[in-house]
Structures are given as C-alpha cells and as structure tokens.
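*Asks:* If you're matching them up, the sequences are chains A and B in order.
Numbers 1 to 465, taken from the working numbering, label the letters of the first sequence in order.
Numbers 1 to 237, taken from the working numbering, label the letters of the second sequence in order.
Accuracy of the hints is not assured; some may be wrong.
Unchecked claim - In silico contact screen, one side only, chain B against chain A (beta carbon under 8 Å); selected entries:
| no. | residue |
| --- | --- |
| 1 | Arg9 |
| 2 | Arg15 |
| 3 | Leu21 |
| 4 | Ala28 |
| 5 | Glu35 |
| 6 | Asn112 |
| 7 | Phe116 |
| 8 | Gln179 |
| 9 | Ser181 |
| 10 | Val183 |
| 11 | Gly185 |
| 12 | Arg188 |
| 13 | Thr214 |
| 14 | Ala215 |
| 15 | Lys219 |
| 16 | Gly237 |
No lab work stands behind these hints, which were simulated from the structure alone.
Using N, Cα and C, we set each Cβ at its ideal position, and we do this for glycine too.
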Amino acid sequence: MSSGTIPFKNLARKNLADVQLRGNLLRATQHSLAARASAVSEVPEWELLRTAAHAIKKEAVDHLATYLEQFEAQVQASGGHVFWAQTGRQAAEHVVAICGHHQATLAIKAKSMTSEEIGLNQALLEAGIEPVETDLGEYIIQLAGETPSHITAPALHKSRAQIGKLFQEKLGCSYTDDPQKLTQIARSRLREKFLQASVGISGVNFAVAETGSIVLITNEGNGRMCTTLPRVHIALMGIEKIIPTFDDLQIFLRLLARSSTGQRLTSYVSIISGPRKTADFDGPEELHVIILDNERTSILAHPHMRESLFCIRCGACLNTCPVYQRVGGHAYGWVYPGPIGAVLTPEMQGLTRGRELPYASSLCGSCSAVCPVKINIHHMLLWLRKSVVDSRRSPWTERLIIRIFAAVMKRPRLYRSSARLARLLEKLFAKRGKGLPVPGWSLHRDFPPLAKQSFHDLWKQGGLS
Amino acid sequence: MTTDPALTRQVLLARLRTLELSASQDSARSRQWEEIRSSATEDLSGPTSLDQWVNQLRSELQRLGGELRTAASLNDIPSAVVDLARESRYKRIALGDDRLLEEIRLADQLNNFVEFRLLDKRSASNPKDHAGPALAQCQLGITGCQAIIAETATIVLDHQGFGGRSLSLLPECHLVLAQRSQVFGRLRDWWNATQPGRDNLPTCRTFITGPSRTADIEKVLVTGVHGPLRLVVILAG
Ligand code: SF4
Numbered sequence: 001m002s003s004g005t006i007p008f009k010n011l012a013r014k015n016l017a018d019v020q021l022r023g024n025l026l027r028a029t030q031h032s033l034a035a036r037a038s039a040v041s042e043v044p045e046w047e048l049l050r051t052a053a054h055a056i057k058k059e060a061v062d063h064l065a066t067y068l069e070q071f072e073a074q075v076q077a078s079g080g081h082v083f084w085a086q087t088g089r090q091a092a093e094h095v096v097a098i099c100g101h102h103q104a105t106l107a108i109k110a111k112s113m114t115s116e117e118i119g120l121n122q123a124l125l126e127a128g129i130e131p132v133e134t135d136l137g138e139y140i141i142q143l144a145g146e147t148p149s150h151i152t153a154p155a156l157h158k159s160r161a162q163i164g165k166l167f168q169e170k171l172g173c174s175y176t177d178d179p180q181k182l183t184q185i186a187r188s189r190l191r192e193k194f195l196q197a198s199v200g201i202s203g204v205n206f207a208v209a210e211t212g213s214i215v216l217i218t219n220e221g222n223g224r225m226c227t228t229l230p231r232v233h234i235a236l237m238g239i240e241k242i243i244p245t246f247d248d249l250q251i252f253l254r255l256l257a258r259s260s261t262g263q264r265l266t267s268y269v270s271i272i273s274g275p276r277k278t279a280d281f282d283g284p285e286e287l288h289v290i291i292l293d294n295e296r297t298s299i300l301a302h303p304h305m306r307e308s309l310f311c312i313r314c315g316a317c318l319n320t321c322p323v324y325q326r327v328g329g330h331a332y333g334w335v336y337p338g339p340i341g342a343v344l345t346p347e348m349q350g351l352t353r354g355r356e357l358p359y360a361s362s363l364c365g366s367c368s369a370v371c372p373v374k375i376n377i378h379h380m381l382l383w384l385r386k387s388v389v390d391s392r393r394s395p396w397t398e399r400l401i402i403r404i405f406a407a408v409m410k411r412p413r414l415y416r417s418s419a420r421l422a423r424l425l426e427k428l429f430a431k432r433g434k435g436l437p438v439p440g441w442s443l444h445r446d447f448p449p450l451a452k453q454s455f456h457d458l459w460k461q462g463g464l465s
Numbered sequence: 001m002t003t004d005p006a007l008t009r010q011v012l013l014a015r016l017r018t019l020e021l022s023a024s025q026d027s028a029r030s031r032q033w034e035e036i037r038s039s040a041t042e043d044l045s046g047p048t049s050l051d052q053w054v055n056q057l058r059s060e061l062q063r064l065g066g067e068l069r070t071a072a073s074l075n076d077i078p079s080a081v082v083d084l085a086r087e088s089r090y091k092r093i094a095l096g097d098d099r100l101l102e103e104i105r106l107a108d109q110l111n112n113f114v115e116f117r118l119l120d121k122r123s124a125s126n127p128k129d130h131a132g133p134a135l136a137q138c139q140l141g142i143t144g145c146q147a148i149i150a151e152t153a154t155i156v157l158d159h160q161g162f163g164g165r166s167l168s169l170l171p172e173c174h175l176v177l178a179q180r181s182q183v184f185g186r187l188r189d190w191w192n193a194t195q196p197g198r199d200n201l202p203t204c205r206t207f208i209t210g211p212s213r214t215a216d217i218e219k220v221l222v223t224g225v226h227g228p229l230r231l232v233v234i235l236a237g
C-alpha cells in the first residue's frame with residue numbers, strides 16, 4: 001500500500017538514476033499529453049465545460065450530507081444496500097464480511113484507487129480470499145507484487161520487455177514482448193476467473209444522487225465483467241464521488257476521457273441502478289455500495305483544501321507535471337502520486353508523512369491548467385507549505401535564513417551594506433557570470449548573479465535617464 | 001473495534017452536516033448550466049445533415065477499430081448478418097431480446113441455415129441457465145440498441161430481456177443492429193432529446209464506444225482485451 005517512511009528525496013534520487021524507468025516514464029507521459037492536447041483542441045467549449053464541472057463538484061462537495069442521503073435513499077429504493085465507513089479498515093472489514101457471507105474464496109476486482117487506499121487486497125488475503133485484479137495494468141503490478149505508479153495507467157513504469165519477463169516467470173508462458181500477445185495471455189487467464197467468481201469489487205467514478213446510479217468507466221471491459229457476472233457486486237466510493245443530477249453526468253463524460261487518455265469517450269460507460277430485477281436476465285443479485293470517509297471529512301473541514309475533493313482522478317496533472325515525469329509515481333510513497341497526490345497525501349496521511357511532498361513541485365501551475373475540474377492544485381501546495389512552516393516542521397537552517405532575510409529587509413542601511421558585502425563575496429567566490437554558490441542549494445540550480453550596481457546607486461548617480 | 005453500522009452512519013452524516021456550506025443553494029451550478037445550454041445552440045460547426053452524421057459515424061467507428069455496414073432496408077439486415085457470420089466463420093450466435101430483431105424475424109431467418117447454432121430466448125426452457133458460460137461459448141452476440149451517437153460512435157444500450165448484460169460482452173464479436181432514425185449527432189443532442197435521467201433507468205445502461213481496448217503496455221493500443229474483440233454495426237434505412 002505504501003513505501004513506508006522512506007523520504008521522498010531518497011526515493012526520487014533512486015528513480016532519477018534509473019535510466020530505464022526514466023525512459024518508460026517519459027515515453028508514457030509524453031504520449032498521454034499529446035493525445036490529450038489533440039482531443040481537447042476539438043472542443044471549442046472546453047473552458048466552459050471545466051467551469052461547469054467545477055461548479056457541479058463545488059455544489060456537491062459543499063452539500064455532501066444532503067446529496068449522500070438522497071443517493072442512499074435511491075440506492076435502497078432500487079434494492080441495493082448502503083454501508084457507511086469512517087475508516088478504511090471498517091470498509092475493508094465490511095467487504096470481507098460480505099465475501100464471508102457468500103463463502104467466496106475468490107473476488108474479482110476492477111481498477112479502484114480507493115481500494116488501494118484502504119489496502120483491501122491485503123485484508124482479503126488475510127481472510128483467505130484471493131483478490132484478482134482484472135485491469136491489465138493492475139494485473140501486471142499484482143503479478144509483480146508492486147503498487148500502481150499512476151492513477152489511470154498503473155503499470156506505466158514498466159517496459160514491454162519487463163512485462164514479458166514477468167509473464168514468463170509468473171505465468172509460465174513463453175517469452176514475448178508483443179503487447180498484443182501479452183494482452184491475449186491476460187485475457188485468457190482472466191476469463192476463467194471472471195466466470196468463476198461469486199463476488200465482484202469495483203470503484204465508482206460518479207455516484208448520481210438524483211437516481212442512485214453508480215457510473216463506472218473502463219476501456220478493457222473488465223469493469224463490466226466484474227459488475228455483470230458475479231452474484232454479488234460491491235462498489236466502493238469516497239464520499240466525494242457524488243454528483244447531484246443525472247444531467248450533470250453529461251459534463252463529466254465530455255471531460256474525463258479527453259483529459260485522461262485523449263479518447264473522445266472511454267470504451268465503456270456503465271450506468272448501474274440497483275441489483276438485478278426480476279425481469280433482468282443477468283447481473284448481480286446483490287449490490288452493496290460502501291461510502292467511505294477515510295479522512296476526507298478532515299479535508300472538508302479545511303476551507304483552502306476543500307477543492308482537492310473535486311478530483312475526478314483523470315491523471316492529467318500527473319502526466320503534465322515536470323516532477324512526476326522524472327521521478328515517477330512510486331517516489332511519492334503512497335497511492336496518490338503527482339501533484340494531486342502531493343496535496344492528498346499530507347491531508348490524508350498527516351503532515352509527518354507528507355511533509356516533503358508539497359515541496360515536490362516547481363509550482364509551475366501546469367497541473368492546475370490541465371485539470372478538467374479546475375482545481376487550483378499548485379496554490380494548495382503553497383498552502384500546505386505554509387502549514388509545514390507554521391507547524392515549525394521546516395528545516396531549522398531554512399527558518400534561520402528566512403529570519404535573517406526578514407531582519408535585513410526591514411532595515412534599509414543594513415540592507416545596503418549587506419548588498420555591498422554580497423557583491424564583494426560574489427567577486428571573490430563566484431565563477432564568471434554566475435551567482436554566489438550556496439552550499440547544497442546550488443547543486444542543481446544557480447543563484448542569480450547580482451547586478452553590477454544597485455538601483456539605489458544608479459538613481460543617486462542620475463544614470464537612469 | 002466493532003462499531004454499530006447505524007451509529008457510524010449517524011456520526012458521519014452529522015459531521016458532514018456541520019461541514020455543509022449553507023451558501024445560496026446551487027446558484028453557481030445552475031448558472032453554468034444556463035451558459036452551457038445557450039452555448040450549445042450557438043455552436044454550428046460540424047456536420048448538419050443526417051447523411052453527414054452517418055459519415056462521421058462510419059469514420060469514427062473505423063478509427064476505433066470497429067466497422068459500419070449498411071443495409072438498404074430493414075428486410076436486408078438478415079442477409080447482411082449471414083454474410084458477416086459466414087465470412088468470419090461464426091457458428092454459435094446469440095440473439096438479444098430486442099424489438100428490431102423481432103421485427104425482422106432474425107431468429108427464423110438464421111434458422112434456415114443449418115451451419116448456425118442459435119442461442120436466444122426461445123431456444124432454452126430456462127433462459128437464465130445461459131448466463132455466463134453458454135454465452136461465452138458464442139462467437140457472435142447480436143443486439144439492437146437505444147441510440148447511436150455519431151460524433152463519438154457511441155452505442156447506447158439498455159440491457160434488458162434475454163442476453164442482458166453478458167450478451168454484448170462475452171462473445172468475441174458484438175454486432176449491433178440499428179436504423180438510421182436512431183442516429184443522433186452529439187452526446188448532448190441525444191441527452192436533450194431523451195432526457196435520460198427523467199424516465200426510469202434500466203438496471204444497467206452502457207455506452208459502448210468501439211471494441212474493448214487497452215494501452216497499459218507502453219501506451220501501445222491493443223483492441224480486444226476482456227470485452228469483445230470486434231464491434232460491428234449494421235445500419236438500415
Ligand atoms: S487533480 Fe484534476 S488533473 Fe489531477 S487527477 Fe484530479 S481531476 Fe485530474
């Protein structure tokens with residue numbers, strides 16, 4: 001579920017030195033970015049849709065109790081069950097209990113970041129239930145015993161050769177690095193599981209309050225399998241997945257696929273409203289929806305951070321982030337990587353855990369610019385940096401330097417003499433045309449060189465004509 | 001730690017209620033919706049006639065790895081189906097429960113050919129036995145549809161009656177039969193025309209856009225993952 005407490009710096013350094021990984025990352029993110037750009041350019045009303053999506057999510061997140069209760073009533077009216085979980089553990093225990101009730105030894109899973117978040121697979125294994133990931137990317141990383149490195153493309157850090165070797169080793173098939181053949185191998189292996197399992201577990205992309213529908217968006221068809229063939233369907237959703245009306249769904253359908261994979265629409269959008277009715281030929285007889293808090297209410301309580309709950313997990317901010325592109329998802333140490341992960345992890349796992357992540361950003365703002373729900377991601381990173389500083393968790397050297405800086409800035413004479421001193425030091429120690437070397441800091445960037453003369457001196461000489 | 005679910009629900013809802021913003025209910029959201037609705041009427045770019053939309057449908061479906069075939073009229077559909085099945089050597093064919101399939105008496109027509117083994121609501125005493133394994137044995141699954149959205153080549157399919165959700169999912173090829181009158185331009189055109197949230201929703205409705213696909217290995221596009229490897233639409237009229 002996590003890389004424990006290894007600092008971001010160390011994980012990042014290790015990944016930066018991994019040439020293969022950097023190649024894999026760069027290829028994948030550039031590919032997604034190009035696809036997104038072309039898909040977005042086809043939509044003249046793109047900005048309008050983003051603004052609307054933001055407004056819809058704001059309405060929903062600002063009135064969660066109202067809409068969740070409405071949703072619950074609708075699900076129940078259609079014959080489904082609703083379970084509220086405050087912690088990830090409660091949610092996982094409930095899933096295990098449902099499996100136990102049906103004597104299930106096998107559970108097939110569609111990709112769900114929320115299930116990663118609560119460590120569901122581990123809980124199932126401990127209860128003697130075999131969880132099988134069915135999304136190809138998730139299947140690959142489950143075989144490898146790893147965690148996803150991207151929220152929509154979990155195995156993006158792996159090359160085809162690495163996957164070929166993995167399949168050869170774990171599945172006993174002959175080596176191939178042809179994506180088509182590898183996919184066919186996974187298809188036939190998983191077909192058996194689909195037809196055997198009595199429990200299917202999925203996430204939820206959108207939950208419609210008005211109709212009690214859960215909406216699931218997948219490309220491979222595994223999401224449809226998991227919610228069609230087993231007798232029991234368990235859907236796991238964070239409280240923030242709710243949208244008020246069925247009409248609102250249209251806006252998100254127009255935004256999500258283009259942002260995420262650059263498709264005009266994802267292959268399958270399933271809108272599920274309750275368990276099988278008597279007139280239905282197939283589909284699960286039981287539908288359980290688990291509504292999960294898991295620290296989301298603490299985010300809600302923080303006015304500057306509320307917006308992070310608008311996230312529809314498209315992954316665009318990851319692809320566009322210059323930091324993510326280089327260090328990859330695993331460096332972030334928890335299930336949600338990239339810019340939005342750098343916001344969510346400190347909020348959900350605490351500042352001790354995520355203290356470094358708000359700094360894992362150049363604050364270039366590219367994440368906010370691509371976000372389909374217009375979340376001001378980089379501003380939130382700035383707010384988090386502020387709370388790191390306020391809680392005195394920043395390094396003491398940094399605090400000391402800032403203090404000295406503040407003292408100097410407040411005293412004009414001291415400022416002028418310090419500037420003169422700095423110019424002198426620059427002459428003595430800096431390389432030609434470069435700024436002063438600052439230990440540690442200027443290892444990866446240059447301190448800007450000072451101007452030959454200060455504005456103040458020029459002004460006095462009248463040389464500003 | 002075992003907690004009473006009803007209590008957890010109460011506690012969580014109470015907390016959520018204290019965190020609700022009482023600010024003007026829903027004004028920003030409705031304002032945005034107004035703007036979107038009015039902008040939609042201004043946007044006149046793109047195809048305008050049904051013929052143009054059908055062309056768009058054809059090229060988009062092709063781009064996605066699917067295929068559009070046409071039949072001059074409803075009565076010509078069965079022979080188009082036979083052609084498809086023969087050229088692909090599909091022997092086991094599952095027929096969905098759909099008005100259009102009834103209308104053209106597709107089951108009877110296909111039964112004239114000894115080479116085909118049909119699975120439909122009449123071919124079994126207890127149709128529900130066919131869910132899963134039996135349908136997975138079929139190479140071709142034939143359904144109608146509610147509508148087709150041309151811009152994105154999206155098929156709107158409500159899963160009702162025989163075959164349900166699995167018939168369009170398990171066989172290696174999914175064949176959709178439709179009439180030209182079922183083709184809409186954009187997603188919003190279909191949405192505006194049918195008001196899909198207002199009526200009673202079926203237990204499951206799927207928007208199908210192309211055959212199943214993945215790009216999970218090095219972003220290389222592969223069609224045919226867990227769902228159908230092929231998607232064919234026969235459009236009549
Ligand atoms: S924060 Fe925005 S861009 Fe990033 S994953 Fe969420 S919705 Fe997508």
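*Asks:* Evaluate each hint against the coordinates.
*Replies:* Consistency of the hints with the structure:
1. Arg9: holds, 4 Å
2. Arg15: Nearest chain A Cβ about 5 Å off; hint holds.
3. Leu21: holds, 4 Å
4. Ala28: Result: holds, 4 Å to nearest chain A Cβ.
5. Glu35: holds, 6 Å
6. Asn112: violated, 26 Å
7. Phe116: Status violated, d = 21 Å.
8. Gln179: At about 22 Å, which exceeds the 8 Å cut-off, the nearest Cβ of chain A leaves the hint on B:Gln179 violated.
9. Ser181: violated, 22 Å
10. Val183: violated, 16 Å
11. Gly185: This hint is violated: B:Gly185 lies away from chain A, its Cβ roughly 13 Å from the closest one there, beyond 8 Å.
12. Arg188: At about 6 Å, which falls below the 8 Å cut-off, the nearest Cβ of chain A leaves the hint on B:Arg188 intact, so it holds.
13. Thr214: Holds - the Cβ of B:Thr214 comes within 8 Å of chain A, reaching about 5 Å at its closest.
14. Ala215: Interface hint status for B:Ala215: holds (7 Å vs cutoff 8 Å).
15. Lys219: holds, 4 Å
16. Gly237: violated, 25 Å
Checked against the numbered hints above, the structure violates hints 6, 7, 8, 9, 10, 11 and 16; every other hint is satisfied.
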